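Input sequences plus hints: build the corresponding full structure.
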Amino acid sequence: MMASGMSALMSHWWRNPWQLLTLIAGLALATALWSGVQAINAEARASYAAASDVLGGGDLARLSRVDGRSLSTDEYTTLRRSGWLVSPVMQGILEAQGTEFVLTGIEPLTWPGASPGAETGSAAVPGGLLGEEAAVLAHPDDAALLSDIDAPVRADTGRTRGRLLADIALAERLLEGRGRIDYLIVSPDQPRGIPDLPEAYRISVPENTTDISRLTRSFHLNLTAFGLLSFAVGIFIVYGATGLAFEQRRAVFRTLRALGLPLSRLMLLVTAELGLFALVAGAAGVALGYLIAAALLPDVAATLRGLYGAEITGQLTLRWSWWISGLAMAVAGTAVAAVAALIRLARMPLLSFNHPRAMSLQAAGTQHILLLVACAFCAGGLMISWLADGLVAGFGLLAGLLLGAALCLPVVLSAVLRLAETRAGGAVAQWFWADSRQQLPGLSMALMALLLAMAANIGVSTMVSSFRLTFTGYLDQRLSSELYLRVNSDAQVIEMMPFLVSNADAVLPVVSADAREGGLPAEIFGLRDHQTYRDNWPLLEARADVWDQLAAGNGALINEQLARRQNLVPGDTLSGGDVVLGIYSDYGNPAGQIVISEALFTSRYPGATARQFGLRTDRPDALAAALQERFDLPADALINQQDLKAFSLSVFDRTFSVTAALNVLTLSVAGLAILISLLTLAAMRLPQLAPVWALGMTRRQLAGLELIRAVSLAVLTGLLAVPLGLLLAWVLLAVVNVEAFGWRLPMFLFPADMLRLGALTLIVAFLAALWPAVRLARMPPQTLLRVFSNER
Amino acid sequence: MNGRPVQILLRVILALCFAVFPAVSAVAQGFAGLGAAAEGFTQPSRDIPVSFPRDHGPHPDFRIEWWYLTANLQDADGTKYGLQWTLFRSAMAPEEKDGWASPQIWMGHAAVTTPTAHYVAERLARGGIGQAGARADPFSAWIDDWEMTATGDGIDALELRARGTDFGYDMTLSATGPIVLQGDRGYSVKSTGGRASYYYSQPFYEISGTLRLPERDVTVTGTAWLDREWASQPLGDTQISWDWFSMVFDGGERLMGFTLHDSETGDFTAATWIASDGTPTPYPNGAFQSRPLETAQVAGRDVPVVWQVLLPDKGIDVTVRALNPQAWMDTSVSYWEGPVTITGSHPGRGYLEMTGY
Amino acid sequence: MNDPLALRVSGLTKAYTSGGAKVPVLEGVSFSMQRGETLALVGESGSGKSTVLHLIAGLDRPCAGSIEISGVEVAGMSDADSAAMRRGTVGLVFQQFNLIPSLTVAGNIAFHARLSGRNDPDRNGELAARLGLEDHLGKYPETLSGGQQQRVAIARTLACRPALILADEPTGNLDEATADRVLDLLLDTARDAGAAVLMVTHSARHAGRMNRQLTLSRGRIVQGRAGEAPDQRQPA
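Chains A, B and C supply the protein sequences, listed in that same order. Residue 18 is where the first sequence starts when you use my numbering, and the numbers rise one by one after that. Residue 56 is where the second sequence starts when you use my numbering, and the numbers rise one by one after that. Residue 13 is where the third sequence starts when you use my numbering, and the numbers rise one by one after that.
Bear in mind the hints are in silico, worked out from the structure with no lab data behind them. Predicted model only: the values in this text are computed from it and were never measured. Any given hint could turn out to be false.
[Stated by the list, open to error] For the chain A half of the interface with chain B, some residues (derived, Cβ under 8 Å), not all of them:
(1) Gly100
(2) Leu126
(3) Ala186
(4) Glu189
Don't be surprised by glycine CBs; every beta carbon is placed ideally from N, CA and C.
This is the structure:
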């Protein structure tokens with residue numbers, strides 16, 4: 018009974034291959050986008066972890082010499098014996114079989130967190146560094162290349178390619194004196210009452226590694242949101258397909274039950290069937306997602322490297338977790354999509370009049386339910402954003418609004434079409450609108466998918482473009498000097514100063530010190546009073562005479578991050594006693610900044626001297642060349658503002674290519690949803706089309722109307738997607754970004770982008786409708802005639 | 056204090072291996088081999104007597120060694136405190152090398168016990184670079200900024216300091232009696248099988264200074280007891296745990312006694328009675344007895360915190376009670392170490408150490 | 013329209029290709045109808061009755077033969093021309109699914125007339141009243157009974173004043189009493205409008221109510237004369 022029941026159920030799919038394709042393709046694509054995005058995220062996270070592990074102490078501060086020289090072992094010992102809990106990190110290049118490796122030597126005994134009592138939570142020290150098994154740890158692919166070196170080598174999947182880890186003694190021996198201790202890791206738990214740090218040293222929180230996870234979190238969250246959205250789009254498709262299959266198989270279900278198959282068995286069969294599809298589609302989707310991730314990863318890696326300095330390997334490794342999570346998502350998605358159908362199956366009366374057109378009537382009834390559910394989603398989203406805080410709130414709000422809006426779509430479209438119907442002049446026009454409305458229930462899932470895809474496109478594109486515009490504008494303001502010079506020692510400053518003063522139009526020192534504000538680390542800057550700043554500094558809010566007050570030492574400027582974190586407005590007082598004179602935008606770092614006048618800074622930090630200078634000049638290239646020639650500067654000592662801006666723009670272009678690729682993919686999914694829905698509906702629509710044909714319209718005319726219908730539904734959906742997308746962008750910029758970074762980006766509108774997207778959508782809808790339309794235009798008359806006779 | 060931190064050290068090293076180098080069982084086995092062969096390491100010998108000032112310093116050719124100081128303190132209000140300062144040395148090879156490649160590993164434990172709190176800190180370092188070590192003359196032993204340094208001849212006067220994230224201390228010590236050689240003129244037998252270590256004590260320190268506690272600094276005075284021991288294969292595989300007592304009686308005498316629990320041969324006890332002038336009387340296995348009377352829940356285990364201690368030969372029948380039952384050393388290897396008060400036939404105070412719980 | 017004949021069919025031949033083999037459906041069917049005449053096309057299932065109707069309506073194309081409606085040859089028309097012919101000259105009533113589901117009863121009645129450019133709301137109203145549909149004008153087809161639906165189909169057909177009504181078993185799905193009523197209405201209203209009615213039916217009783225009958229068997233006319241004059245019609 019079970020077997021024959023299964024074959025009876027399955028036969029439906031063989032007779033409706035398009036529907037099967039809908040189900041599988043929708044699910045597979047949804048899983049693909051989801052797991053593709055997850056793959057990228059996982060790869061990036063693994064790279065961060067490996068990087069912070071190898072570079073030493075990820076989120077831990079580093080102690081280094083102020084003069085930039087490396088530290089000696091004696092200096093380390095002296096610091097330890099004065100009470101400072103620090104641990105040395107030795108690095109050098111090790112060449113083996115013609116390949117260069119970065120060998121890092123660490124001291125496991127003093128590594129923060131080595132003792133079980135310590136609660137540093139930093140990167141754990143891998144095993145096998147000390148004792149009789151002491152070995153060089155290398156990525157498995159690198160281990161083979163190291164057979165020649167004079168030390169045991171052990172493969173460790175936790176290593177990054179090209180980077181080796183060893184005990185400091187072993188590293189010192191292998192590097193043969195080329196190893197340098199450039200910094201010591203500073204334990205976060207220092208003993209009470211230790212002496213001040215000698216002036217020769219400074220402690221810095223390495224920006225690149227320290228805040229990578231935080232800085233890139235927003236990027237990854239955006240990707241994840243995109244992935245989830247794509248998944249939702251796919252689930253809409255699956256929901257539509259399962260619902261339709263259920264409707265069409267009512268008779269089969271009823272017959273099976275009448276033949277004595279218990280309801281529980283029947284439900285088990287349907288569940289098993291859907292589970293099978295979910296697994297097949299999930300596997301296909303994960304494989305596809307792998308391809309997507311592999312294609313996108315280089316651009317993502319470039320973006321992250323450019324934006325945040327985060328190193329990601331451009332290579333994708335297969336991880337079990339994706340397969341599992343991808344399949345789990347597919348199964349869960351199918352379950353969500355099928356639960357309504359299963360409930361209907363459970364409630365289905367054994368005997369009931371079943372008319373194929375009952376569906377549209379029922380759909381009209383469900384509109385009200387949809388509307389209620391939509392409202393519930395919106396309210397839920399708002400509630401989450403009100404109750405929770407942080408990124409959860411932002412994304413909760415997003416999810417609620419998007420799903421709510423998507424569920425509203427059929428109701429809104431129906432109303433618009435009804436209006437069009439009443440306004441229509443001719444018989445054909447009236448029928449066209451009426452028929453479109455009739456078709457809506459069958460198409461609404463695909464249209465919801467389209468709505469979500471377009472809204473996501475508009476939202477994410479608007480965010481990225483706004484970010485780009487704001488950030489480049491900000492760079493123009495903040496990087497107002499033509500050249501930036503970094504000098505290594507005070508002696509060099511003294512040596513260079515006369516040359517600088519006589520050759521540059523202005524020399525603007527950048528001097529800073531570490532401070533704390535509100536219990537969190539902040540950087541404090543001394544700013545020379547100069548017209549350059551008065552003209553360009555990107556102030557968000559300020560007192561009227563802000564620059565004069567600042568120059569007089571009557572207060573401080575703070576960055577937006579600090580202002581938001583501490584709820585500060587101009588006029589408030591900082592913990593150090595400075596009055597906030599103004600707040601400036603500061604995209605690019607998560608930490609707080611305080612700016613005071615140069616004089617005030619010097620009086621507070623008499624030891625700090627400027628090593629960085631902004632140089633104003635009309636001829637930056639000539640000045641740079643002259644400086645290079647005269648002072649033999651290292652390559653990175655001099656930065657040309659133009660180059661920096663060009664670099665920033667290239668980073669954004671990478672970001673755009675990732676966004677664009679994801680945009681096209683999501684739109685394609687929506688397009689496919691439309692195509693498949695139309696193909697599925699084609700057979701059901703014959704009774705609606707045949708009478709019109711019989712009454713005097715050609716098949717070609719009807720096909721043309723079908724095309725117009727698809728395009729016009731897409732246009733209507735697109736029009737609704739615009740406000741939704743802008744809302745999405747607003748939440749991303751004003752809520753999510755503030756939570757992730759601490760700054761709020763202004764939102765700009767990009768009508769040209771939206772028009773391009775609109776055109777793209779029309780093309781997608783047109784292409785999706787083209788094939789079903791052509792099939793209609795070429796349909797044999799007998800097929801249409803069969804509608805009218807009992808032969809069907 | 057026969058056998059005392061020997062096994063602690065063993066377990067410390069084992070735990071260290073697991074904590075710091077979790078995958079390296081071979082290293083662990085290397086250290087576990089303490090009980091068996093000690094290849095290349097020097098063995099204690101009755102023929103080579105303890106000699107000062109040389110033996111205040113380190114013995115890198117012996118596998119393990121420690122400088123172990125405990126003190127009973129009280130402040131002006133009469134509140135009692137305990138203090139511990141320990142430096143362990145463990146060698147991966149019987150030699151010392153300059154630089155990072157040194158095979159000597161050092162570990163420091165510091166603790167302050169109050170009636171209501173117990174503060175612990177730990178330090179690890181390798182030898183060869185000066186971060187940790189010891190020197191015979193003038194005497195000093197140190198790890199990072201913790202140190203025990205002579206301010207006079209030999210080890211008669213010392214400065215002592217250590218600190219953790221939430222506490223610290225700064226003490227001065229001066230000896231009021233002689234150094235006491237344990238066992239046979241410092242050659243201390245650890246089992247019936249004949250394992251031995253070099254072992255001497257200075258139980259006659261007067262100590263004063265400042266305890267830096269989270270809420271306040273406290274000026275304290277009291278008595279302190281230093282143990283010095285070095286060996287290469289002091290313990291058998293089956294010697295699994297012990298209870299060790301150091302007692303300073305109000306009459307001026309001292310008693311060191313311990314019970315070593317052996318999973319095969321049963322308990323092994325030893326003791327040394329130290330007269331007020333420093334004359335030691337060693338006692339063979341069985342003369343000294345300790346029985347747990349009450350236990351307390353400490354760090355998730357049942358630990359005896361009240362004991363009956365007997366040395367019938369001297370008419371000693373006392374109850375030993377922990378000042379703070381929660382004196383758990385939550386370090387790389389964990390054990391119980393804290394001050395005790397003594398009542399009964401010979402009232403006084405002292406220190407108790409328990410391992411294997 | 014000056015041709016006295018509403019319809020002239022001669023040598024109509026149709027075959028379908030099925031699995032590579034040609035299956036003949038009609039073989040040289042010829043007959044004609046006078047204006048206002050009613051003609052029943054009877055015969056067993058598969059005899060080709062419906063095909064005759066479909067070919068006349070231009071819904072399908074004959075392999076050979078000629079079809080003249082009101083003197084206009086329609087057999088060789090393009091898709092667009094035959095669609096125009098359907099809009100203007102011919103009314104169709106099928107056994108089922110006659111109606112456009114997305115339009116109301118009123119919309120359905122007016123639809124064909126509006127397509128043909130002959131919409132007359134007053135006439136539509138009259139027809140609806142005549143066919144007993146005045147209470148259902150705002151309803152959608154799926155809420156109507158089978159008989160009601162066929163009455164709507166008849167009203168729609170008549171609303172555009174066709175010269176020829178082609179009915180393919182219009183009562184085939186109805187019970188006997190309803191079928192009789194619907195047929196009465198069809199014939200009455202067609203007569204009043206002066207339209208010829210060509211009806212395919214299984215029912216001998218219904219066939220007997222027409223002016224004359226043609227019996228089709230295996231694609232040929234086997235009974236009844238192909239060109240009888242209307243004055244020879246038998247009493248209903």
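Holds or violated: glycine 100 of chain A as interface residue toward chain B, Cβ cutoff 8 Å? holds, 4 Å
Does glutamate 189 of chain A pass the interface check with chain B, least Cβ-Cβ distance below 8 Å? Result: holds, 5 Å to nearest chain B Cβ.
Under the criterion of a CB-CB separation shorter than 8 Å, is alanine 186 of chain A in contact with chain B as hinted? holds, 4 Å
Please check whether leucine 126 of chain A passes as an interface residue: C-beta within 8 Å of a C-beta belonging to chain B. Constraint on leucine 126 of chain A satisfied, holds at 4 Å.
In terms of the numbered hints stated before, the structure departs from none.
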